[in-house]
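K.L.:
The lines below spell out each chain.
There are 2 protein chains.
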Amino acid sequence: MVERIAIIGAGPSGMAQLRAFEAAREGGAEIPEIVCFEKQSDWGGQWNYSWRTGIDQHGEPVHSSMYRNLWSNGPKEALEFADYSFDEHFGKPISSYPPRAVLWDYIAGRVEASDVRRFVRFNTIVRWTRETEDGFTVASENLTSGDTVTEQFDRIIVASGHFSFPNVPDFEGLENFTGEVMHAHDFRGAERLEGKRVLMIGASYSAEDIGMQAHKMGAELVTLSYRSHAMGFDWPDGVEELPLAIGFDGNRVTFRDGSVREVDAVVLCTGYLHKYPFLPDSLALSSPNNLYPDGLYKGTVWQQNPHLFYVGAQDQWFTFNMFDAQAWFVRDVILGRIELPDAEERAADIRHWLAEYAALPDHDSEVVYQANYIRDLIERTDYPMFDLDEVVRIFQAWQQDKQVDIARYRDKTYPSVMTGTMAAVHHTPWLEEMDDSIERYLTP
Amino acid sequence: MVERIAIIGAGPSGMAQLRAFEAAREGGAEIPEIVCFEKQSDWGGQWNYSWRTGIDQHGEPVHSSMYRNLWSNGPKEALEFADYSFDEHFGKPISSYPPRAVLWDYIAGRVEASDVRRFVRFNTIVRWTRETEDGFTVASENLTSGDTVTEQFDRIIVASGHFSFPNVPDFEGLENFTGEVMHAHDFRGAERLEGKRVLMIGASYSAEDIGMQAHKMGAELVTLSYRSHAMGFDWPDGVEELPLAIGFDGNRVTFRDGSVREVDAVVLCTGYLHKYPFLPDSLALSSPNNLYPDGLYKGTVWQQNPHLFYVGAQDQWFTFNMFDAQAWFVRDVILGRIELPDAEERAADIRHWLAEYAALPDHDSEVVYQANYIRDLIERTDYPMFDLDEVVRIFQAWQQDKQVDIARYRDKTYPSVMTGTMAAVHHTPWLEEMDDSIERYLTP
Ligand SMILES: Cc1cc2nc3c(=O)[nH]c(=O)nc-3n(C[C@H](O)[C@H](O)[C@H](O)COP(=O)(O)OP(=O)(O)OC[C@H]3O[C@@H](n4cnc5c(N)ncnc54)[C@H](O)[C@@H]3O)c2cc1C
Ligand SMILES: Cc1cc2nc3c(=O)[nH]c(=O)nc-3n(C[C@H](O)[C@H](O)[C@H](O)COP(=O)(O)OP(=O)(O)OC[C@H]3O[C@@H](n4cnc5c(N)ncnc54)[C@H](O)[C@@H]3O)c2cc1C
Ligand SMILES: NC(=O)c1ccc[n+]([C@@H]2O[C@H](COP(=O)([O-])OP(=O)(O)OC[C@H]3O[C@@H](n4cnc5c(N)ncnc54)[C@H](OP(=O)(O)O)[C@@H]3O)[C@@H](O)[C@H]2O)c1
Ligand SMILES: NC(=O)c1ccc[n+]([C@@H]2O[C@H](COP(=O)([O-])OP(=O)(O)OC[C@H]3O[C@@H](n4cnc5c(N)ncnc54)[C@H](OP(=O)(O)O)[C@@H]3O)[C@@H](O)[C@H]2O)c1
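If you read the sequences in order, they're chains A and B. In terms of this note's numbering, the first sequence is residues 1 to 444. In terms of this note's numbering, the second sequence is residues 1 to 444.
One thing to keep in mind: the hints can contain errors.
Which bits of chain A does chain B cover? Going by a derived footprint, with three or more residues having C-beta under 8 Å, they are [as the list claims (entries may be wrong)]: (1) 43–56; (2) 168–174; (3) 182–196; (4) 285–293.
In short, the hints are calculated from the structure, not lab data. All of these numbers come straight from a predicted model, not from anything done at the bench. All residues carry an ideal CB built from backbone N, CA and C; glycine is no exception.
Let the hints inform the model, and build the full structure from the sequences given.
P.N.:
As structure tokens, then:
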């Protein structure tokens with residue numbers, strides 16, 4: 001009997017999984033019956049932007065955390081698919097840091113060529129999963145009709161992302177702050193922050209980029225506030241970085257070093273939760289956002305029940321091509337091309353990667369670690385191997401560029417690791433570009 | 001064997017249900033084993049205010065739609081419990097339109113006296129329900145620990161409210177509006193609308209009250225925009241009412257009558273969805289917000305499976321005392337004190353109430369209809385009957401007061417239907433009162 005596989009989510013990870021199976025089918029393999037559940041009306045996950053915040057038109061949490069004028073925050077050369085290049089998709093060189101719509105187009109382009117859309121049930125949310133003797137039952141709801149169905153599956157691949165459920169801590173006095181307070185998840189654009197004094201809490205990508213967006217759109221003062229480590233970039237005038245905010249009194253904020261600021265708006269850039277409300281605790285990953293969530297063999301196979309898989313559950317230096325490496329690996333386990341070792345051997349492998357991760361001395365070594373992880377996966381499948389060391393060097397150059405000018409690093413260009421093509425310089429520098437549409441981007 | 005009952009939600013409706021069972025127990029009855037699931041950390045439902053918007057600290061949709069400076073929008077004399085008066089709770093007369101915290105205190109006061117809190121599992125969300133041969137299984141998650149359990153219940157009482165999942169329609173061009181856009185559900189206070197031009201879409205309680213809040217807090221212009229009927233109050237200067245907004249172009253809004261306004265913020269006061277993400281479609285109520293949702297015998301018993309009940313599913317003129325009437329009725333069905341007629345008879349009764357509802361000529365008759373519905377319930381149980389005609393008259397006077405002065409109606413007072421006590425005049429008129437704390441309210 002043909003196996004039935006559920007893929008939960010049609011973001012970049014779920015799309016990679018569809019593509020992986022399709023590639024096997026094109027190569028002559030018999031593939032299982034696939035149902036990909038996607039709660040949104042289109043695929044692309046985070047890249048499928050919505051103006052909505054909080055709760056969507058179906059009463060579901062809005063998925064995407066992206067916003068107007070979001071450009072790639074890493075060079076596209078680091079995320080390029082090994083089996084579908086930017087050259088192939090766009091037919092001409094483009095810049096290294098494209099805006100959201102351009103990357104969405106690229107991700108979708110690869111899968112639109114084949115007919116995998118037929119596997120996706122859009123507007124359909126997975127509500128609940130049960131382990132049964134010979135697999136799982138999955139209860140899902142068609143959000144348009146309200147119809148619910150419960151079906152049997154042999155394996156489940158969770159590809160629901162982990163940057164959607166905001167981590168929203170409380171701060172003393174915040175309940176009486178009468179300005180605008182939001183989590184980065186609900187930030188959609190900085191235009192209305194013009195002339196305002198804005199506080200960002202957090203010291204990672206969201207704080208950095210939303211802070212710079214506010215600066216770009218004319219905020220009077222952007223104050224960034226860190227808990228553990230300052231980002232420490234050479235911030236432009238009008239942007240400053242302080243230790244953690246410890247309390248609000250009306251619109252006055254006090255920081256751990258005694259500084260005080262009056263602010264009009266607060267954006268909590270405090271990260272996201274791994275959250276799988278459709279899974280019982282025996283199947284649900286629980287982890288901080290890191291490079292090796294515990295409990296996953298090869299970062300994908302659920303140790304407690306190896307018929308369950310996760311794709312894209314790691315924190316991400318690498319993105320699209322890492323999802324590919326994982327999707328090809330998961331596919332080959334399911335197709336029986338890769339034999340899973342027994343539980344003890346899997347546990348030992350997990351321990352090995354966790355120990356290596358724990359021993360990493362710095363950021364640069366994190367990139368190397370993730371490159372090694374990807375290499376380990378690709379070596380086991382027929383996914384095209386690519387020059388991972390070169391990608392690591394690109395990441396290092398990127399970090400260097402950010403140190404030099406945090407407002408201008410996106411104007412830099414890199415050569416493709418896949419095709420060697422040098423990226424084009426975009427017609428307008430990031431700091432001056434106010435139109436992030438694909439039409440404008442592709443106009444010479 | 002003792003039956004096991006699940007109550008989903010510990011808002012006013014769930015609390016009424018707990019109180020109903022407790023009253024029976026005090027009267028010597030044997031009551032079933034009760035588990036009340038409440039996803040928040042405290043009871044009170046909507047009345048349990050949170051500064052949070054969108055998604056809460058556990059990654060769940062924020063439940064309450066209430067905001068700072070929310071006062072009762074109907075006279076408290078219309079919602080008073082028949083078995084626990086305001087006199088008994090506060091020990092002195094209070095005004096007719098108390099602020100949120102004061103009503104929360106009152107609701108909680110009644111149940112705190114008894115020991116029903118022991119039945120409530122706080123921070124515990126119901127995830128999924130299945131019909132089984134002899135009842136239901138309910139899967140729930142402890143949001144603090146992440147633990148999930150699946151348990152068997154004989155009956156389920158749904159008391160999860162229906163003003164929490166916002167109905168968020170789209171409007172042409174809204175995706176490019178760069179001002180603040182939110183649904184009333186995420187509105188927490190109008191202070192930051194001072195000096196702003198604000199658009200409210202909708203023509204019901206939220207539009208009216210949030211519009212008046214914005215006016216109270218110094219908005220430059222409040223524009224209300226209706227789809228079906230204007231509210232038509234004698235709005236103060238600085239508040240206007242226009243037909244439906246049909247499109248946005250930047251911050252310019254065009255209305256159906258050709259009017260154009262520039263606005264800084266938009267509040268979608270477009271109501272809420274009946275939504276029960278924890279129920280399969282065979283159990284989930286689906287209805288517009290109205291006085292008699294189809295499918296419920298006596299507005300409470302699920303016709304398709306009479307072991308499932310809903311409390312508080314109606315649109316609400318009456319609130320707390322209507323929930324009581326329903327809770328006592330549901331309790332007595334469960335205790336076997338009331339025998340349910342067969343399916344055909346129940347269907348006929350539903351048809352009867354639906355037909356009467358469909359034939360109502362106006363608003364005033366809606367109040368009478370709901371009063372009749374409540375009377376029909378109370379007559380079947382030992383809940384203390386009260387003068388429902390007098391409550392109807394109070395509702396009529398209230399509507400009159402709103403016609404006279406929409407900014408001052410909350411300064412009026414009414415006598416209690418339960419005790420005859422005349423309400424006190426609050427020390428500060430609503431329009432001037434900026435502190436809605438219970439401490440200030442109770443200070444003479
Ligand atoms: C603000 C922000 C900016 C980013 N910018 C970049 C960038 O510049 N470059 C980069 O490489 N990466 C970026 N990322 C990282 C991003 O996470 C990845 O690029 C990628 O989107 C992850 O893909 P995914 O498929 O794993 O998850 P997602 O993209 O989150 O997709 C998950 C999908 O699962 C669906 N889903 C979830 N739950 C259910 C359910 N119960 N039932 C059915 N469907 C469900 C969702 O609707 C969604 O479509 C950014 C992330 C964020 C939050
Ligand atoms: C903005 C606003 C203002 C209002 N003002 C007034 C007023 O002035 N006067 C008045 O009489 N009425 C007012 N109401 C009406 C209000 O709906 C009722 O007063 C009352 O709160 C309804 O009680 P409930 O218990 O049915 O629902 P809710 O109060 O909504 O309570 C439902 C409870 O169920 C819980 N819950 C939901 N889903 C789950 C789940 N899956 N698992 C576990 N727990 C769950 C929630 O956390 C919540 O505690 C107002 C409503 C709104 C939205
Ligand atoms: N393309 C773009 O421009 C762009 C923009 C934004 C985001 N992204 C992507 O989005 C993803 C998520 O990034 P992110 O920055 O949102 O999350 P993140 O990388 O997980 O960082 C979370 C931050 O919040 C801080 N934090 C958590 N809890 C806190 C608390 N209670 N008090 C103070 N600080 C707290 C953390 O500080 P500690 O270090 O102290 O834990 C950390 O700085 C990444 O993949 C990123 O690449 C991309
Ligand atoms: N205590 C207080 O002061 C207070 C304040 C706010 C709310 N509340 C309570 O909260 C509850 C909910 O009230 P509510 O006003 O939020 O909801 P509601 O009473 O259900 O009203 C919804 C409104 O939205 C309009 N609407 C819906 N879809 C629309 C669309 N696509 N375009 C334009 N208009 C649309 C409806 O217009 P149509 O008539 O055309 O359908 C209606 O006017 C009530 O119980 C109320 O008493 C109390």
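K.L.:
None of the hints should be skipped; say for each whether it holds.
P.N.:
For each hint, the structure was consulted:
1. Figure legend: the stretch 43–56 of chain A, annotated as covered by chain B; annotation consistent (6 residues with Cβ-Cβ distances under 8 Å, at least 3 required).
2. Check on the stretch 168–174 of chain A: 4 of its residues sit with their Cβ under 8 Å from a Cβ of chain B, so the three-residue criterion for coverage holds.
3. With 7 residues carrying a beta carbon less than 8 Å from a beta carbon of chain B, the stretch 182–196 of chain A meets the three-residue requirement, and the given coverage holds.
4. Check result for the stretch 285–293 of chain A against chain B: violated, 1 residues qualifying (beta carbon to beta carbon below 8 Å, three or more required).
The structure fails to meet hint 4 from the earlier list, while all remaining hints are met.
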